[in-house]
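Undergrad: Those protein sequences? They're chains A and B, same order as listed. Residue 177 in my numbering sits at position 177 of the first sequence, with consecutive numbering throughout. Residue 77 in my numbering sits at position 77 of the second sequence, with consecutive numbering throughout.
Check before you lean on any hint, since a few could be wrong.
[Stated by the list, open to error] Straight line, CA to CA, 25 Å or less: simulated SDA-like cross-link-like pairs of lysine to any residue:
1) K195(A) / Y248(B)
2) K185(A) / P54(B)
3) K414(B) / R46(A)
4) K5(A) / I164(A)
5) K33(A) / Q70(B)
6) K318(B) / G328(B)
7) K419(B) / I164(A)
8) K8(B) / D268(B)
9) K33(A) / N46(B)
10) K195(A) / A249(B)
11) K254(B) / A191(A)
12) K104(B) / E247(B)
13) K5(A) / S165(A)
14) K185(A) / E19(B)
15) K244(B) / T267(B)
By construction, these hints were calculated from the structure, which means they are not laboratory data.
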Amino acid sequence: MAYDKFNILNSTAVPLNIDNVDTDQIIPARFLKATERKGFGDNLFRDWRYNSDDSLVDTFPLNNKKYRGKILIAGKNFGCGSSREHAVWAIYDYGFRAVVSSFFADIFKNNCLNIGVLPIQVSESFLAEIFSEIDKNSKSNFEINLENQNFKIVSSGKKKKFEISTYKKSNMSNGFDDIDYLINKKDQISAFANKLRY
Amino acid sequence: MGKTLFDKVWDSHVIERIEDGPDVLFIDKHFIHEVTSPVAFVGLKNRNLKVMYPERTFATADHNTPTVNQHLPIKDRLSAMQVKALEKNCNEHGIDFWGLGHKKNGIVHVIGPENGITQPGLTIVCGDSHTSTHGAFGAIAFGIGTSEVEMVLACQTIMQQKPMKMKINIDGRLSSNVTPKDVAIYIISKLSSSGATGYFVEYAGSVFKEMSMEGRMTVCNLSIEMGARGGMIAPDEKTFEYIKGREYAPKEAKWDRAVSFWETLKTDKDATFDKEYNFKAEDIEPMITYGTNPGMAIPISKSIPEANKSESKSSYKKALKYMEFNEGDKMIGKKIDYVFLGSCTNGRIEDFRTFASLIKGKKKSDNINAWLVPGSHKVLKSIRDEGILDILTESGFKLREPGCSACLAMNDDKIPKGKYAVSTTNRNFEGRQGPGARTLLASPLVAAATAITGEITDPRDII
Ligand code: SF4
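Based on the sequences and whatever the hints tell you, model everything.
TA: Structural data, given as structure tokens:
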């Protein structure tokens with residue numbers, strides 16, 4: 001599915017300083033019953049965001065008016081567990097375009113890149129710096145430059161480079177996904193399939 | 001330089017290597033289910049694409065299906081819609097669909113092996129992270145997201161960076177009452193829930209050689225719980241024996257050719273791994289989890305450890321608070337409300353045999369709600385045919401119909417808020433088995449011992 005091109009993103013950020021956030025927390029299984037990709041943002045972090053009577057949990061960062069923005073800053077090993085892409089749909093649908101953490105689970109990271117959410121892996125110490133920056137000033141801005149692969153704390157000007165493959169970078173900046181690439185390879189694929197043992 | 005088993009299978013499926021990008025990997029077999037496929041089919045429609053090789057995809061309904069009265073229409077409107085959508089999509093694209101009531105229906109990772117679809121040397125994917133199960137046959141099998149499901153449907157390929165390679169070697173003899181589930185949880189407790197992220201694991205050593213195919217499936221199934229992309233075990237006589245004669249297995253001359261190819265699927269002596277671990281079988285005891293990720297596990301006879309550095313303190317405390325446990329608590333003797341036997345981790349016939357062997361002649365404790373859910377209709381049939389159902393019934397247990405059930409609690413099988421469940425599944429995340437539910441992962445033996453006494457019980461203490 002085509003998504004918005006990603007180039008430079010300048011935004012405030014929402015902190016979620018918890019380690020090992022699994023995709024069951026990002027979107028609980030009971031909200032996976034749709035047959036279309038719509039409205040998942042409403043249930044993002046459902047059981048942390050809402051009490052069982054549907055009232056808001058005041059202490060949860062997403063419910064804190066102080067914190068707004070298109071960047072989610074998360075603790076280590078974010079997105080572990082279930083392969084559900086719904087987790088990333090929920091993140092995207094809620095309005096985030098980038099997630100920053102010191103460590104991502106593999107399938108989650110792939111899912112992000114496939115639908116246009118940029119996963120940015122930084123060192124643990126830099127992650128701690130970002131959290132403390134937001135702590136000091138929740139209106140603090142961050143700048144993500146995909147072309148240069150930089151994440152910048154605007155107030156201090158401190159920049160760190162992040163990794164992304166050339167291929168994925170060009171996909172993200174053009175709003176392409178893998179199928180756009182693969183459909184042009186069908187002849188090669190069927191030639192390969194014809195040679196297979198099975 | 002020599003190649004690992006993983007290299008051999010991976011490299012032989014690469015159609016193209018993109019510089020500073022992923023490999024284009026051909027996928028031999030693809031499993032789909034009702035939850036992660038509908039949006040992929042919408043994607044195909046929007047792009048006006050057909051399924052490239054419908055005969056390579058197999059569909060089942062398992063994730064959100066009821067486990068009672070499966071002959072009646074599904075009551076939950078949204079679940080019914082998802083299953084209907086899957087059926088319609090399969091019909092439209094010529095994909096085999098094994099829906100509710102079909103004799104081959106069951107949990108996606110149970111039905112692949114039991115019908116002989118899962119074979120050594122294949123690449124297998126499914127929109128479910130426990131696809132790693134199929135690695136027990138020496139296949140490369142891993143979970144994918146819905147965009148990737150769409151890719152496989154459209155192009156029979158996906159684009160993946162080749163993971164790094166890890167070897168986990170366990171030699172020695174397992175003590176009695178130590179099951180493959182304990183071996184897997186032990187490894188995860190040592191490596192942590194993210195310790196193998198970025199890696200594909202090969203399990204080697206005498207413990208896995210001696211393990212049954214179903215046991216190997218349990219171990220490979222749990223690879224994802226330490227972050228690994230997947231896990232695999234070199235195929236051997238046991239593997240061939242298991243596959244032989246199953247519906248989709250190669251037959252006659254093709255069988256012989258297949259076996260001689262499968263015999264080449266092992267790691268060369270001079271091949272190297274990016275990381276290796278060695279453990280001793282004798283160190284492994286029956287295990288249980290106490291926290292909210294599968295890495296938070298200890299031998300059942302031990303007490304909950306103090307927070308240490310590796311797990312950052314606040315997350316550790318948050319987990320214990322959710323469980324209402326304290327550092328230093330003993331696990332044995334904790335009161336339990338639910339026991340769940342099932343899932344693609346421990347819902348196969350051997351698991352039911354193991355469970356039955358312990359409870360035979362004893363009675364289920366009154367305070368325990370027990371949900372026993374076979375992994376497939378074939379498993380259900382064997383439970384009946386082998387007389388296991390009689391043993392269960394005599395001990396006061398009831399059997400449900402096949403499906404994922406309380407493994408992810410998408411259907412009505414939800415553990416109520418605040419209740420404790422000893423579960424043979426794979427995830428003890430907050431709310432995984434229902435909002436507010438508290439899950440303790442363990443083996444079918446620990447589940448059985450607990451079901452009899454009503455509290456966490458070491459199976460070695462039950463005579
Ligand atoms: S039993 Fe659980 S882990 Fe296995 S396929 Fe079903 S939901 Fe996934």
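Undergrad: All hints are to be evaluated individually against the structure, with a verdict given for each.
TA: Taking the hints in turn, this is what the structure says about them:
For the proposed pair K195(A) and Y248(B), the alpha carbon gap of about 20 Å is at most 25 Å, so the pair holds. With a CA separation close to 18 Å, the supplied pair K185(A) and P54(B) stays within the 25 Å bound. With a C-alpha separation of about 17 Å, the suggested pair K414(B) and R46(A) falls inside the 25 Å cut-off, and the hint holds. Only pairs whose Cα atoms come within 25 Å are accepted, and K5(A) paired with I164(A) is accepted, the gap being roughly 16 Å.
Under the criterion of a C-alpha separation no larger than 25 Å, the hint pairing K33(A) with Q70(B) is consistent with the structure, at around 19 Å. For a cut-off of 25 Å, the pair hint linking K318(B) to G328(B) stands: about 16 Å separates their Cα positions. With a CA separation close to 43 Å, the supplied pair K419(B) and I164(A) exceeds the 25 Å bound. Only pairs whose Cα atoms come within 25 Å are accepted, and K8(B) paired with D268(B) is accepted, the gap being roughly 10 Å.
Under the criterion of a C-alpha separation no larger than 25 Å, the hint pairing K33(A) with N46(B) is consistent with the structure, at around 20 Å. Annotation: proposed proximity of K195(A) to A249(B) holds, straight-line Cα distance about 20 Å (limit 25 Å). Annotation: proposed proximity of K254(B) to A191(A) holds, straight-line Cα distance about 22 Å (limit 25 Å). As the CA atoms of K104(B) and E247(B) are separated by approximately 11 Å, the hinted pair is consistent with the 25 Å bound.
Simply put, K5(A) and S165(A) have alpha-carbon atoms about 16 Å apart, close enough for the 25 Å limit, and the pair holds. At most 25 Å may separate the alpha-carbon atoms for a hinted pair to count; K185(A) and E19(B) meet this at roughly 16 Å. Restraint check: the Cα-Cα separation between K244(B) and T267(B) comes to about 23 Å, which is no more than 25 Å; the hinted pair holds.
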